[in-house]
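Enquirer: First to last, the sequence lines map onto chains A and B. Okay, so the first sequence: first residue is 5 according to the working numbering, each after it adds one. Okay, so the second sequence: first residue is 2 according to the working numbering, each after it adds one.
Any given hint might turn out to be false.
Said to hold, decoys possible - A few chain A positions that, by computed beta-carbon distances, are all more than 12 Å from chain B:
1. 10
2. 46
3. 49
4. 321
5. 366
6. 402
What the hints assert, rightly or not - Computed spacing ranges between beta-carbons, pair by pair:
7. 141(B) to 383(A): 23 to 31 Å
8. 118(B) to 391(A): 52 to 60 Å
9. 77(B) to 281(A): 40 to 48 Å
If you're looking for bench data, these hints aren't it; they were derived computationally from the structure. We put the CB at the ideal spot given by N, CA and C, even for glycine.
Now for the letters of each chain:
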Amino acid sequence: MSVLRFALWGATAYPLRTLALILSLASAVACVVFSASVLGGFSERLERLAFGGYATTLVIRANGLVPSRRGPPSLDDQARLLQELENVESSAAWVETSAPLQGRSETRAVRIFGSYGDYRRELDADLAAGRWLTQEELGGLTRVCLVGATLADFLDEEEGRGAGLIGKELSLGGARCEVVGVLNYANTRPAGRFNDAIVAPFLSARRFFDARPESETQTAGPREASWLSFFMAPEVDMQDVRFQADRLMRRMAGVPMSRASPYSYDDPDADILEQVRQRRALSRLLWTITGAALMASLIGYGGIALAATVQRRREIALRLAMGADMRGILAQITVEHVLVGAVASAVGFSVGLGAASLASRLWDWPVRLDLSVGLLAVSTGWGLGIAIGVLAAWRAANTPPSIAAKG
Amino acid sequence: MKDGVQAWGVGRNFSSREEDVAALVDVSLSLTWGQFVVVQGPSGCGKSTLLNLLGLLDRPSVGRLNIAGVPVHELSEGGRARLRRAEIGYLFQDAGLIERMRAIDNVEAPLAYRGVPRGQRRATAEAALRELGLSHRLRALTDTLSGGERQRVGLARILAQRPRLIICDEPTASLDEANSRLVAARLMQLAEEGALVVCASHDPIVIELAQRRIELSHGRLKTITDGPP
């Protein structure tokens, strides 16, 4: 108890010195908490922006390098795969065409995506105005469409976020299409292709809105898709899914495993790994800067702690003269640093979170702090503070007691 | 042999890059409990060095030293700390108080290191301070005390501690006559009660009370005289 009392006295007798110690250690902890919060938030946002649910999407296209009598995958293949594949959450079939479109002052070619199935998941955008395409419309030949956000800006004279386009008819290479909805900008990078495009029912797009020259369209059948998307459950092994899908598609196309597959299966993992590599490099850079700031703060803390020990030589010598032993002095100074560290960690944690929250409000930075990272930051700052405190305490405990006699 | 302090051929050298200084050379003496001893000599003669050795604040370079029958030159730092805690009290020229600490806490501190329970040490410290007329300054910070009050707090610490060996280094050097007489009288009283008081002083008030006078010159023991001057 005496050790704690003496330590409390030591921490409170010189308030400015204690304040300086608290500030230097708190700034170190705050620095780590702030960086961890901001990096955590950015990491989450980057991941969402980069991939969304794309990482667990199986995309099947025709393999352009291998000629096949079967042609590209079709709506029938989609139905069959939906029956056979396990862990499929939903699926969509897409056909990509293009047609000239008359804008406010110019005519330009626009991409038209005909869709069937769970198309909204792949669009990954909210509705700015109007309504979505219904399942009945998607399965029929209705001439209705959704307009992407960028294209809506190009078309809408009112600049009212596309609301003025609802109910209007667009001329797509001569065929007319009623706008029923306008999309917001896509949330993820892969869905960005829909920003400057029109989304229409699959069969309508194939039949009415394909104004490409015949050399480009070849002899596509009405049910043939540009690609099929299967949204898998998050826990599945995509490599395994690709293998199963390829086996089924080969069986339907009559292509043995000994020959090259007439279909390609996109590998989003490769993109993801590259993105992860880039993000790791950025994180490493930021953590290096944070580490340097942490070191500077701790050097400051160590400097103040050691200077305080020198300043307290007479007091420590007097304590030794009064009967304290080295262990007692070591314990007292260490407990002082434990107390200072506890306060500094709490202050640093609060300041770091507060600063991150302020940055979030001022600059719309995403902020997210894992509890484990927060605890690690606090315990690291506290632990290093105690380690420096033990060093200072060791020096103090070695003070010669004869200094007591020198007033 | 277990009584008091015995020294045989004790010396203390200080070494630096420039030179080696023999601060104390071949000092042998025997002091018993219940004596008031004054150490005299000009500045630099080794008085403080001798007091530091007798008070276990320093180690002799050569020689043997027994305190209360314990060969302290053979003791570890831990053993020396235990002996300081149990047997020795100090009164320095500036009283040796811990700054920014309350008077009563200064008096209590050595008792805390001895493991005396809090209530008991608080009562003992208060009694010692009241005895020296400081009942109104119990909770005063040391920084706010006058020179006389500081020295009385230092003396109260010794009264509370009741050590068998009391080391004083110029305890009255910065005091007025009234305070000097008070401090000297109390030290004499402690000696009469059985403590060995070893005091370095130039103050005639202290010297005239001494039962034994040790005179040092150039680090060597010059004379030991019993009785008043």
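Enquirer: Give a verdict on every hint.
Expert: Outcome of the hint check:
1. 10: Per Cβ check, residue 10(A) is inside 12 Å of chain B; nearest 8 Å; violated.
2. 46: Holds, because the least Cβ-Cβ distance between residue 46(A) and chain B comes to about 48 Å, which exceeds 12 Å.
3. 49: 52 Å, holds
4. 321: Contrary to the label, residue 321(A) does not stay out of reach of chain B, its closest Cβ about 8 Å off (not over 12 Å).
5. 366: Given a closest Cβ separation of 43 Å, the condition holds.
6. 402: 10 Å, violated
7. 141(B) to 383(A): 23 to 31 Å: 41 Å, violated
8. 118(B) to 391(A): 52 to 60 Å: 34 Å, violated
9. 77(B) to 281(A): 40 to 48 Å: Roughly 59 Å apart at Cβ, these two residues miss the hinted range, so it is violated.
Checked against the numbered hints above, the structure breaks hints 1, 4, 6, 7, 8, 9 and satisfies the rest.
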